[in-house]
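Chemist: Residue strings, one per chain:
There are 2 protein chains.
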Amino acid sequence: MVISSLCLALPLDKDRKALIRKEEMLQIGGKLLLTKQEELANEKLMALKNAEIAQAMKTSQFPPSMHFFRAKKLIEESKVFHVLKKMPKGAALHLHDFGILSVDWLVRNVTYRPHCYLCFTPRGNLQFKFADPAPPTPKPEDCSEWILLKKYRGQLQNVTEFDNSLLKNLTLVVDNPELAYSDQAIIWARFENIFITVAGLVHYAPVFREYFARGLQEFYEDNVQYLELRATLFPVYELNGKTHDKEWSLKTYQEVAQKFAKDHPDFIGARIIYSYHRRKNVTYIAESVQAAMKLRVKFPETMAGFDLVGQEDKGHSLWELKEALILPTTQGFDLPYFFHAGETDWQGTSIDENVLDALILNTTRIGHGFALSRHPVAKNISLNRDIPIEVCPISNQVLQLVSDLRNHPAASLMSSGHPMVISSDDPSIFGAKGLSYDFYEVFMGIAGVKADLRILKQLTLNSIKYSSLSADKKQTTKEIWQKKWDKFVHDLAEGKKL
Amino acid sequence: MVISSLCLALPLDKDRKALIRKEEMLQIGGKLLLTKQEELANEKLMALKNAEIAQAMKTSQFPPSMHFFRAKKLIEESKVFHVLKKMPKGAALHLHDFGILSVDWLVRNVTYRPHCYLCFTPRGNLQFKFADPAPPTPKPEDCSEWILLKKYRGQLQNVTEFDNSLLKNLTLVVDNPELAYSDQAIIWARFENIFITVAGLVHYAPVFREYFARGLQEFYEDNVQYLELRATLFPVYELNGKTHDKEWSLKTYQEVAQKFAKDHPDFIGARIIYSYHRRKNVTYIAESVQAAMKLRVKFPETMAGFDLVGQEDKGHSLWELKEALILPTTQGFDLPYFFHAGETDWQGTSIDENVLDALILNTTRIGHGFALSRHPVAKNISLNRDIPIEVCPISNQVLQLVSDLRNHPAASLMSSGHPMVISSDDPSIFGAKGLSYDFYEVFMGIAGVKADLRILKQLTLNSIKYSSLSADKKQTTKEIWQKKWDKFVHDLAEGKKL
Ligand SMILES: [Zn+2]
Ligand SMILES: [Zn+2]
Chain A
1 MVISSLCLAL PLDKDRKALI RKEEMLQIGG KLLLTKQEEL ANEKLMALKN
51 AEIAQAMKTS QFPPSMHFFR AKKLIEESKV FHVLKKMPKG AALHLHDFGI
101 LSVDWLVRNV TYRPHCYLCF TPRGNLQFKF ADPAPPTPKP EDCSEWILLK
151 KYRGQLQNVT EFDNSLLKNL TLVVDNPELA YSDQAIIWAR FENIFITVAG
201 LVHYAPVFRE YFARGLQEFY EDNVQYLELR ATLFPVYELN GKTHDKEWSL
251 KTYQEVAQKF AKDHPDFIGA RIIYSYHRRK NVTYIAESVQ AAMKLRVKFP
301 ETMAGFDLVG QEDKGHSLWE LKEALILPTT QGFDLPYFFH AGETDWQGTS
351 IDENVLDALI LNTTRIGHGF ALSRHPVAKN ISLNRDIPIE VCPISNQVLQ
401 LVSDLRNHPA ASLMSSGHPM VISSDDPSIF GAKGLSYDFY EVFMGIAGVK
451 ADLRILKQLT LNSIKYSSLS ADKKQTTKEI WQKKWDKFVH DLAEGKKL
Chain B
1 MVISSLCLAL PLDKDRKALI RKEEMLQIGG KLLLTKQEEL ANEKLMALKN
51 AEIAQAMKTS QFPPSMHFFR AKKLIEESKV FHVLKKMPKG AALHLHDFGI
101 LSVDWLVRNV TYRPHCYLCF TPRGNLQFKF ADPAPPTPKP EDCSEWILLK
151 KYRGQLQNVT EFDNSLLKNL TLVVDNPELA YSDQAIIWAR FENIFITVAG
201 LVHYAPVFRE YFARGLQEFY EDNVQYLELR ATLFPVYELN GKTHDKEWSL
251 KTYQEVAQKF AKDHPDFIGA RIIYSYHRRK NVTYIAESVQ AAMKLRVKFP
301 ETMAGFDLVG QEDKGHSLWE LKEALILPTT QGFDLPYFFH AGETDWQGTS
351 IDENVLDALI LNTTRIGHGF ALSRHPVAKN ISLNRDIPIE VCPISNQVLQ
401 LVSDLRNHPA ASLMSSGHPM VISSDDPSIF GAKGLSYDFY EVFMGIAGVK
451 ADLRILKQLT LNSIKYSSLS ADKKQTTKEI WQKKWDKFVH DLAEGKKL
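So the sequence lines, in the order shown, correspond to chains A and B.
Per our numbering, the very first residue in the first sequence carries number 1; after that it's consecutive.
Per our numbering, the very first residue in the second sequence carries number 1; after that it's consecutive.
These are computed hints drawn from the structure, not numbers from a lab.
Be aware that one or more of the hints could be misleading.
Claimed, not checked - Here are the computed distance ranges between Cβ atoms for each label pair:
(1) A/ASP386 - B/LYS487: 43 to 53 Å
(2) B/LYS262 - A/THR59: 47 to 57 Å
(3) B/LEU34 - A/GLN290: 40 to 50 Å
(4) B/PRO140 - A/ARG70: 48 to 58 Å
(5) B/GLU494 - A/ARG70: 29 to 39 Å
(6) B/GLU320 - A/HIS277: 49 to 59 Å
(7) B/GLU494 - A/ASP175: 35 to 45 Å
(8) B/LEU167 - A/THR59: 27 to 37 Å
(9) B/ASP142 - A/ARG70: 53 to 63 Å
Unchecked claim - When the alpha-carbon atoms are kept at most 20 Å apart in a straight line, the in silico DMTMM-like pairs for lysine to aspartate or glutamate are as follows:
(10) B/LYS322 - A/ASP13
(11) B/LYS314 - A/GLU52
(12) B/LYS450 - A/ASP313
(13) B/LYS17 - A/GLU323
(14) B/LYS450 - A/GLU320
(15) B/LYS58 - A/ASP183
(16) A/LYS58 - B/ASP183
(17) B/LYS322 - A/ASP15
(18) B/LYS14 - A/ASP183
(19) A/LYS14 - B/GLU320
(20) A/LYS17 - B/ASP15
(21) A/LYS322 - B/ASP15
(22) B/LYS17 - A/GLU178
(23) B/LYS58 - A/GLU178
(24) A/LYS478 - A/GLU221
(25) B/LYS58 - A/ASP313
(26) A/LYS322 - B/GLU320
(27) B/LYS14 - A/GLU320
(28) B/LYS86 - B/ASP175
(29) A/LYS17 - B/GLU320
(30) A/LYS58 - B/GLU178
Claimed, not checked - Chain A stretches covered by chain B per the calculated footprint, using a threshold of three residues with CB under 8 Å from any CB of chain B:
(31) 175 to 184
(32) 274 to 286
Virtual Cβ for every residue (Gly too), placed ideally from N, Cα, C.
With the rest of the complex left out, here is chain A (with noise of 0.2 Å):
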């Protein structure tokens, strides 16, 4: 009916509204019926996101458009950010083991513990490790000696330089990005290098407990009430050496969540994603997939399935690791997937066919998915089938996928309802805190100007529809969010303070 009066002679107003309507309920939440409450809750944050891109606009400062590693004090100034860090996000459904706590805890506590050691690559990196009897063994290729860092520390004119520079080696943050990291190749180099750095403190039993149980705080804090972690379940090692395998990580993150979620009933805990590299000779990621198939028997509460990570752009597409990957399937059994796939620029490669693959392979989720909306097919297996992607804003500007975020391809996806959830990847490595960072950017950047709290509201429900718990626990989950997002809507409403 619409269509048709587009060939009258005068278009109408009516029309147009109708169709700019149309429009609107297509995109992500646009079909939510908000409560007085809530309308009143929204004015009050359109008016606050009216002002911020008002002003955006006179400066030519808008963080979205911007490398977030400059964006983030104008973010941390923005009155919509202090809204979102209010509000409950649901679940943060792409996270990476150890990418998940501030760095400050790391070097201010970690490495101040006793036997902690350090070592330096070739090549600048550094390397850690707790050992005692020392010196730890074996020790890594090409480092030079280990230093025992509290004898390092004690000879040192300056001990907060040195600190500084330790947190420097334990994100990508700098001052001049692209000056830092002139293509994709280094800056991956540089990311891969960092969770090695990171591995030798974390791995360490005791930490290993700490750090995971701290990561969880801080998601919580950041009003997430559950979370799914893409882990490698690497060997944890204790002080005299000896090493602990899969399951005994397994089991400690089901610990460590469980006593959280205990000690924080509006908390629901965390699953895991066994996460094996993509590099990887497809034996042994064969072995892997096994692996994860009995662990998935033993540990059916926490285990959520596999995934494949790693920079895609290298090679290795899900299709050529096949033989491996459809497994499960062939022995008759459930392992889910949760694919990295369409991580890249590169259109039309066989790495870019990940998208795609994931879907024929029958992933549960679509990390990433950047490449999904140049797939018009596997879009809409994508859409058919309901299979969400992951959307990290921060982690695809600062791995260089995108630039400016209004350019982000979600942005297309968004406004016609496409399946997805927000997510923050990596946030301690890119300088990040749990998920208001990401949301910031969508909310602001990817998703429009006139994008509202229907969109907040839609993908936090999304995150929690699109996680791997059971019905029950989407259950309970959405009810305790519930609570939660009332309580933001009536103090947003209200004007309290937030």
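We have chain A; now place chain B with the ligands onto it with these hints.
Modeler: Chain B with the ligands alone, transformed into the frame defined by chain A:
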């Protein structure tokens, strides 16, 4: 049939291939069947493309990801680019009057003509004017005194240096664009100033004629068969200060184009889209629409329709101006519109609705339509009514809508076969020439690694199909193009030195 097998125990290679094939068919040109000769040519072309992309992946120097000012030299070294230069490209449908001819001739020839005066604005911009008797009147506001260029050059130590500085004033090209143009407002101001500077030279009647003829020549040499020019039809002046009206300008365009077509039987000519500045008062815009209708009656062969120009982000949406824009419809007059719409990153503003409003106002094509992919309803109308967008990649990059062209929103539209043509907007001002540079960006960057001769063929066919030419003329153009295409394909297939 294909989707269902996804649920079978084993994903099958042939099902996957069918899905990939389906996706390839959806891409622009995906359904074209190539002749044997074309298949052969395609193999040659793809060998060049694949080698260049492999090289780019190795060096991390990929022109479509780089700013055009830096990429230009690399593009000119590309073998693919040299093929694209030889390719008959059909029509260039989105161009502006004084951005079509490399600026060299303006400086090295035009400014050396007698009676050429120069003045400087307080902001350091240049204005030119020819006049006899001197000095030219009126003097532009705030400008320095008029300086006779001949006299001025006589006093200079280094005329070459001065001429080079003039060249720089006629394009946006700089070594470090990110530094020189810190935001969109700044580059748009500079962009519009260049038009003012160029205007003083090209609105001089003898130059006007010759500029257009040489512009046609430059596109002809770039293997373009026809063009449509957005022209402001500002008063052209004579040496004695007498000015001509719009009719005179349009008549001159017509004469020059017809003469050029007569002298070059393999060139079809040009049509004019009268373009008025969107920032003007709606009363003036109404007058310009009336003027457009009159011109269309008087010059049916040359006058194609009407458009509004100027930075959209500054406001003045189509809907705000609808009172003027619905005049033809209310008068039962057929005035085709070719609206610029959606040349913005600001999703959700009133300006962002221009893509929808252009369609409601019955536009024939959408200029840029950069925002279209974020408007599912407008996108569907554009698709169903077969209204193409005019994609100008280099313009969008230089004017800071997108940095890495692989993230250009046309990528997803291309992959689903959305109607579109490729054009170059103001190549001379961006340091480009003809259409080849923009075709390079599309073929290598936006369309993805797998895109082949099919997409090129379809895009050139599109340019004829979506032109404003009559059915007859389209047929003639296509015949001319086909002959050239066959020769191009033959030479490429036979490995003839291109
Ligand atoms: Zn990830
Ligand atoms: Zn234009």
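Chemist: Confirm or reject each hint.
Modeler: Right, here's what the structure says about each hint:
1. As the Cβ distance of A/ASP386 to B/LYS487 is approximately 51 Å, the hint placing it in 43 to 53 Å holds.
2. For the hinted restraint 47 to 57 Å between B/LYS262 and A/THR59, the CB-CB distance of approximately 55 Å keeps it satisfied.
3. The given range of 40 to 50 Å is respected by B/LEU34 and A/GLN290, whose C-beta atoms sit roughly 46 Å from each other.
4. For the hinted restraint 48 to 58 Å between B/PRO140 and A/ARG70, the CB-CB distance of approximately 39 Å leaves it violated.
5. B/GLU494 and A/ARG70 have their C-beta atoms about 53 Å apart, which leaves the hinted 29 to 39 Å range violated.
6. Take B/GLU320 and A/HIS277: their Cβ atoms lie about 55 Å apart, and the range 49 to 59 Å holds.
7. Between B/GLU494 and A/ASP175, the C-beta spacing of about 55 Å breaks the proposed range 35 to 45 Å.
8. In this structure the hint that B/LEU167 and A/THR59 lie 27 to 37 Å apart at CB holds, the actual value being about 33 Å.
9. A hinted range of 53 to 63 Å for the beta carbons of B/ASP142 and A/ARG70 is inconsistent with their spacing of about 36 Å.
10. Taking the CA atoms of B/LYS322 and A/ASP13, the gap is near 10 Å; set against the 20 Å cutoff, the hint holds.
11. For a cut-off of 20 Å, the pair hint linking B/LYS314 to A/GLU52 stands: about 18 Å separates their Cα positions.
12. Pair hint B/LYS450 plus A/ASP313 holds up; C-alpha atoms about 16 Å apart against a cutoff of 20 Å.
13. Between B/LYS17 and A/GLU323 the CA atoms are separated by roughly 17 Å; this keeps the pair inside 20 Å, and the hint holds.
14. As the CA atoms of B/LYS450 and A/GLU320 are separated by approximately 19 Å, the hinted pair is consistent with the 20 Å bound.
15. For the hint pairing B/LYS58 with A/ASP183, the CA-to-CA distance comes to about 11 Å; that is within 20 Å, so the pair holds.
16. In summary, the hint linking A/LYS58 to B/ASP183 is supported, as the alpha carbons are separated by about 11 Å, within the 20 Å threshold.
17. Taking the CA atoms of B/LYS322 and A/ASP15, the gap is about 14 Å. The hint holds against a cut of 20 Å.
18. Under the criterion of a C-alpha separation no larger than 20 Å, the hint pairing B/LYS14 with A/ASP183 is inconsistent with the structure, at around 37 Å.
19. With a C-alpha separation of about 15 Å, the suggested pairing of A/LYS14 with B/GLU320 holds against the 20 Å cut-off.
20. About 43 Å separates the Cα atoms of A/LYS17 and B/ASP15, which puts this hinted pair outside 20 Å; it is violated.
21. For the given pair, A/LYS322 sits about 14 Å from B/ASP15 by alpha-carbon distance, which is consistent with the 20 Å threshold.
22. Proximity of B/LYS17 to A/GLU178 is assessed by CA-CA distance (about 39 Å); at most 20 Å being required, the pair is judged violated.
23. Of the supplied pair hints, the one linking B/LYS58 and A/GLU178 holds, its CA atoms being roughly 19 Å apart against a limit of 20 Å.
24. Taking the CA atoms of A/LYS478 and A/GLU221, the gap is about 18 Å. The hint holds against a cut of 20 Å.
25. Our distance criterion of 20 Å between C-alpha atoms is met by B/LYS58 and A/ASP313, whose separation comes to about 12 Å.
26. Distance check on the hinted pair: A/LYS322 and B/GLU320 sit about 56 Å apart at the alpha-carbon level, beyond 20 Å; violated.
27. Annotation: proposed proximity of B/LYS14 to A/GLU320 holds, straight-line Cα distance about 15 Å (limit 20 Å).
28. Between B/LYS86 and B/ASP175, the direct Cα distance comes to roughly 29 Å. Violation of the 20 Å bound is thereby established for this hinted pair.
29. Distance restraint check for A/LYS17 and B/GLU320: the Cα-Cα separation of roughly 14 Å lies within the 20 Å cut-off, and the hinted pair is therefore satisfied.
30. With a C-alpha separation of about 19 Å, the suggested pair A/LYS58 and B/GLU178 falls inside the 20 Å cut-off, and the hint holds.
31. Here's how the segment 175 to 184 of chain A fares: 3 of its residues keep a CB closer than 8 Å to some CB of chain B, so the rule of at least three is met and the hint holds.
32. Coverage of the segment 274 to 286 of chain A by chain B is violated in this model, with 0 residues showing a Cβ closer than 8 Å to a Cβ of that chain against a need of three.
Violated hints, listed in ascending order, are 4, 5, 7, 9, 18, 20, 22, 26, 28 and 32; each of the other numbered hints is respected by the structure.
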